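*Asks:* Since the structure of chain A is already known, use the hints to place chains C and V on it.
Protein chains in written order, with the numbering used here: chain A, 1 to 329; chain C, 1 to 329; chain V, 1 to 329.
Worth flagging that the hints you see were computed from the coordinates, not collected in a lab.
Any given hint could be a false lead.
Copies of the same chain look alike in the list, so a pair counts if it works inside one copy or between any two.
Pairs of lysine to aspartate or glutamate, EDC-like flavour, derived with a Cα cap of 16 Å [unchecked claim]:
{"id": "1", "residue 1": "Lys168", "residue 2": "Glu59"}
{"id": "2", "residue 1": "Lys287", "residue 2": "Glu311"}
{"id": "3", "residue 1": "Lys168", "residue 2": "Glu62"}
{"id": "4", "residue 1": "Lys168", "residue 2": "Glu67"}
{"id": "5", "residue 1": "Lys287", "residue 2": "Glu298"}
{"id": "6", "residue 1": "Lys287", "residue 2": "Glu24"}
{"id": "7", "residue 1": "Lys168", "residue 2": "Glu24"}
Note that the structure is a prediction, hence the values are computed from the model and not measured.
Listed here are the chains, written in short residue letters.
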Amino acid sequence: MGLATLEEAGPEHLSLFTHPRYREAAEASRAGAVLVGPGTELRDRDLLEAPQPYVALAELLEYFHPEPRRSGGVHADARVADSCRLGREVEIGPFAVVGEDVVLGDRVSVGAGCVIGDASRIGDDTVLMPRVVLYPRTEVGARCRIHAGVVLGGDGFGFATTLGSHRKIPQVGRVVVEDDVEIGANSAVDRATLGETVIGAGTKIDDLVMVAHGVRIGAGCLLAAQTGIAGSTRVGAGVTFAGQSGVSGHLELGERSIVAAKSAVLQDLAPGSFVAGIPAVPHGTWKRAQALFARFPELGSRLRRMEKRLETLENRLGAAADSPPGGEE
Amino acid sequence: MGLATLEEAGPEHLSLFTHPRYREAAEASRAGAVLVGPGTELRDRDLLEAPQPYVALAELLEYFHPEPRRSGGVHADARVADSCRLGREVEIGPFAVVGEDVVLGDRVSVGAGCVIGDASRIGDDTVLMPRVVLYPRTEVGARCRIHAGVVLGGDGFGFATTLGSHRKIPQVGRVVVEDDVEIGANSAVDRATLGETVIGAGTKIDDLVMVAHGVRIGAGCLLAAQTGIAGSTRVGAGVTFAGQSGVSGHLELGERSIVAAKSAVLQDLAPGSFVAGIPAVPHGTWKRAQALFARFPELGSRLRRMEKRLETLENRLGAAADSPPGGEE
Amino acid sequence: MGLATLEEAGPEHLSLFTHPRYREAAEASRAGAVLVGPGTELRDRDLLEAPQPYVALAELLEYFHPEPRRSGGVHADARVADSCRLGREVEIGPFAVVGEDVVLGDRVSVGAGCVIGDASRIGDDTVLMPRVVLYPRTEVGARCRIHAGVVLGGDGFGFATTLGSHRKIPQVGRVVVEDDVEIGANSAVDRATLGETVIGAGTKIDDLVMVAHGVRIGAGCLLAAQTGIAGSTRVGAGVTFAGQSGVSGHLELGERSIVAAKSAVLQDLAPGSFVAGIPAVPHGTWKRAQALFARFPELGSRLRRMEKRLETLENRLGAAADSPPGGEE
Numbered sequence: 001m002g003l004a005t006l007e008e009a010g011p012e013h014l015s016l017f018t019h020p021r022y023r024e025a026a027e028a029s030r031a032g033a034v035l036v037g038p039g040t041e042l043r044d045r046d047l048l049e050a051p052q053p054y055v056a057l058a059e060l061l062e063y064f065h066p067e068p069r070r071s072g073g074v075h076a077d078a079r080v081a082d083s084c085r086l087g088r089e090v091e092i093g094p095f096a097v098v099g100e101d102v103v104l105g106d107r108v109s110v111g112a113g114c115v116i117g118d119a120s121r122i123g124d125d126t127v128l129m130p131r132v133v134l135y136p137r138t139e140v141g142a143r144c145r146i147h148a149g150v151v152l153g154g155d156g157f158g159f160a161t162t163l164g165s166h167r168k169i170p171q172v173g174r175v176v177v178e179d180d181v182e183i184g185a186n187s188a189v190d191r192a193t194l195g196e197t198v199i200g201a202g203t204k205i206d207d208l209v210m211v212a213h214g215v216r217i218g219a220g221c222l223l224a225a226q227t228g229i230a231g232s233t234r235v236g237a238g239v240t241f242a243g244q245s246g247v248s249g250h251l252e253l254g255e256r257s258i259v260a261a262k263s264a265v266l267q268d269l270a271p272g273s274f275v276a277g278i279p280a281v282p283h284g285t286w287k288r289a290q291a292l293f294a295r296f297p298e299l300g301s302r303l304r305r306m307e308k309r310l311e312t313l314e315n316r317l318g319a320a321a322d323s324p325p326g327g328e329e
Numbered sequence: 001m002g003l004a005t006l007e008e009a010g011p012e013h014l015s016l017f018t019h020p021r022y023r024e025a026a027e028a029s030r031a032g033a034v035l036v037g038p039g040t041e042l043r044d045r046d047l048l049e050a051p052q053p054y055v056a057l058a059e060l061l062e063y064f065h066p067e068p069r070r071s072g073g074v075h076a077d078a079r080v081a082d083s084c085r086l087g088r089e090v091e092i093g094p095f096a097v098v099g100e101d102v103v104l105g106d107r108v109s110v111g112a113g114c115v116i117g118d119a120s121r122i123g124d125d126t127v128l129m130p131r132v133v134l135y136p137r138t139e140v141g142a143r144c145r146i147h148a149g150v151v152l153g154g155d156g157f158g159f160a161t162t163l164g165s166h167r168k169i170p171q172v173g174r175v176v177v178e179d180d181v182e183i184g185a186n187s188a189v190d191r192a193t194l195g196e197t198v199i200g201a202g203t204k205i206d207d208l209v210m211v212a213h214g215v216r217i218g219a220g221c222l223l224a225a226q227t228g229i230a231g232s233t234r235v236g237a238g239v240t241f242a243g244q245s246g247v248s249g250h251l252e253l254g255e256r257s258i259v260a261a262k263s264a265v266l267q268d269l270a271p272g273s274f275v276a277g278i279p280a281v282p283h284g285t286w287k288r289a290q291a292l293f294a295r296f297p298e299l300g301s302r303l304r305r306m307e308k309r310l311e312t313l314e315n316r317l318g319a320a321a322d323s324p325p326g327g328e329e
Numbered sequence: 001m002g003l004a005t006l007e008e009a010g011p012e013h014l015s016l017f018t019h020p021r022y023r024e025a026a027e028a029s030r031a032g033a034v035l036v037g038p039g040t041e042l043r044d045r046d047l048l049e050a051p052q053p054y055v056a057l058a059e060l061l062e063y064f065h066p067e068p069r070r071s072g073g074v075h076a077d078a079r080v081a082d083s084c085r086l087g088r089e090v091e092i093g094p095f096a097v098v099g100e101d102v103v104l105g106d107r108v109s110v111g112a113g114c115v116i117g118d119a120s121r122i123g124d125d126t127v128l129m130p131r132v133v134l135y136p137r138t139e140v141g142a143r144c145r146i147h148a149g150v151v152l153g154g155d156g157f158g159f160a161t162t163l164g165s166h167r168k169i170p171q172v173g174r175v176v177v178e179d180d181v182e183i184g185a186n187s188a189v190d191r192a193t194l195g196e197t198v199i200g201a202g203t204k205i206d207d208l209v210m211v212a213h214g215v216r217i218g219a220g221c222l223l224a225a226q227t228g229i230a231g232s233t234r235v236g237a238g239v240t241f242a243g244q245s246g247v248s249g250h251l252e253l254g255e256r257s258i259v260a261a262k263s264a265v266l267q268d269l270a271p272g273s274f275v276a277g278i279p280a281v282p283h284g285t286w287k288r289a290q291a292l293f294a295r296f297p298e299l300g301s302r303l304r305r306m307e308k309r310l311e312t313l314e315n316r317l318g319a320a321a322d323s324p325p326g327g328e329e
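Chain A with its partners taken away, still in its complex shape (with noise of 0.2 Å):
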């Protein structure tokens, strides 16, 4: 029983088909029955339709794989300050620092190795995978999930630069992780110069992500992996970032904008934008100029056989007197 990949699934499984690449690999898939969006057909093959294929997949993910129950407690080898305030079975993994005043929610966890500044504050439920860091007075909400190696609340880059020598801006404001966040593998977000970085409500960031000193993200972004965001820019409700992409600072970002992978925006968006290139531009005059870029040498030769033609032609009316002096190369 459970659930499996088209290529591993037996009769005993669920699989999945909702990506057409995959039509083959179901139609050879052993999987007693596949979840597929409305309107699907598949020949010889039971089908459990849902009308969101991917929050069915959530739900039964949720079924066959609950989490585990954590061990709770405080391990042994952990080292929480005496000034910190431990809500109702919160749990720290080994080698793990918690600083003074700290507070932890009621059953958040630590895990192994992280290292949790003086001062800062994680609400209920939070989970910190292995080797978390947080720099003081770094505030994380409820429900959020921070993976191994992600630092919280490091210094901005911030430099004032005379004579080629470059002089630190102290970074005295802080980082804040809202509700129901999601921080991949190795990302880094720095503390504010002045006030607050945030990172707002439900929103989800993957590995390796880099969100500068001031930057304010929207509720319910999705930011890719590789994503980069310069300081001080804000970002809407709902924003999405797909990989490798960035932003330079002090922009605004309107809601629901879509920035493409590789792209680099430039200036503010308008809400609803959908953007690519570098500079970022509307995704459809994107679209056209690269599909015409493959063909530029193909222009380029066009162009030479027309001003060759046009000369012949100018030649036989004795029109070349009235181009423009100087105007050939």
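*Replies:* Then chains C and V, alone, in the frame of chain A:
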């Protein structure tokens, strides 16, 4: 005795010269002898010619700098669950945590501060540098080298979005790293939603690389720094990714393909492809188009001049009436 | 008393206004006074004019937020080899591991969970935040600030490939970080194959940056987040890399050059260059070409229309026979 760079070598050292950029440095070097490829000439120099100078370099460095024999033994400050099975001569550093039912092969070395999740398995002679995290049920083959800060098995970035809210899809698969793999500092490989994320035997991964859930990378690939591979993509054997390249999800990349630096592969690649650009196109096309790109402003003005000349001709011939209405901006 | 953002400041706070985008916020702010650059006007406001407002900001923040005096002392849960030499007032956090023959200068602070490899050296007043890893023989200068998760001295990515198999080239060099360097969270600097990878004095590196083996970065450079520098490249003093930029290997970048965000430098740069694009070209060229890029589809249709008009003229003049055979697609 030993090897040194061209600048630092003295008469007692062997140095290396393979890249034409360093001819001047090679000629000025005080090295006692210089290791070169077939047919290389260098004035007034003792040359050590090798058919494959980098293979010779590897052999010589192994000879002059043998890997230090490790001390062996489980450090008193490591926490190893009683249910683990350890091979012979296993070494585990201070403050490492090894979970329940973990199996470590012979001569495995687990660095200080590593966290190895329950039911993970590590093959013979594999080295985990300090502060590596393996999520539960991760499998690492024999003779691998996993660098500091690497995270294997983190949650894949999978959410079912309804009405702007992102519901987590539990990621119940795992990561399998085959034999002879090297993974660079602070890289992250996420576990599959279902089934496995696989890094093929002999593949070498540089620092800060991200491999997403369900990706399957074949044998003998090279992934240079900051590369990212999106979910479910399959990469054939012997594929090379230059630095900061990216691949989108659900693609198939044929074996021995090469992806140029900073490129983004957005569609399947036939075996032996060599691509560049965003989106990636055949490298030759990209190179010709890029060469023209910088001349783009010039092409624009050539176009404008031609339109002028054409208009002049048309006016002289009274031909304007033949051009389509609205044909001019 | 103290400093606050324009939005958060009350009458008891000083705030800052330098970027024109925030004029409205500055005018609406409740701040008691506003720090500005020379000649800035702001309605109904007490202004504190400074010739270099960011230098003044740095000074004021240092005054209002002095670095906390550290507790000092080696934590009972740190493991420090007997052969180490510690300066005066050294602080070492819990679960840090300091290897054999390490030398720490006066007032060095080693954060919780750091791992310092054998024979490394750290200069006076340098701070290692939690969970930094130094591979053996790494050298870090005085007054450096190395952020959480940084890995210095990992193996360079060097392999000798024969018949599809990648043989490791031992990396026997080391990393040298000079004085007054800052390195951001989760960045990685690899050690050289032979000789040294060098980060020059006063250089500031942001989060998630990758510096490959054998790179030499001059003094006073700035590397913004997610930048990558490939092997053996030499970067002159005072070079600026904007976010997500990259440089290929074996290049020389002249001093005071600027590389725009997302750009890829594929050839040497003269001193004082300002480049952008993939591959990077002079910034002015890139800007003009990019401006035209979005108009590319329009240029394509202008070209088509001209070809039509030219054909019309040629037909009228019976000139078609003069055009080269096969000249039309």
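*Asks:* Hints first: check each against the structure and report whether it holds.
*Replies:* Here's how the hints hold up against the structure:
In this assembly of identical chains, Lys168 and Glu59 lie within 16 Å of each other by CA distance solely across copies; the values are 9 Å between and 49 Å within a copy. Taking the shortest Cα distances, Lys287 and Glu311 never come within 16 Å of each other, neither inside one copy (34 Å) nor across copies (30 Å). For the identical chains of this complex, Lys168 and Glu62 are inter-copy neighbours only, at 10 Å across copies versus 48 Å inside a copy, given an alpha-carbon limit of 16 Å. In this assembly of identical chains, the alpha carbons of Lys168 and Glu67 lie at most 16 Å apart only when taken from different copies (12 Å versus 44 Å within one copy).
When the C-alpha separation of Lys287 and Glu298 is checked against a cutoff of 16 Å, the pair qualifies only between copies, where the shortest distance is 13 Å, while the shortest distance within a copy is 18 Å. For the identical chains of this complex, Lys287 and Glu24 are neighbours neither inside a copy (30 Å) nor across copies (36 Å), given an alpha-carbon limit of 16 Å. With identical chains, the CA atoms of Lys168 and Glu24 are never at most 16 Å apart, being 58 Å at best within one copy and 28 Å at best between copies.
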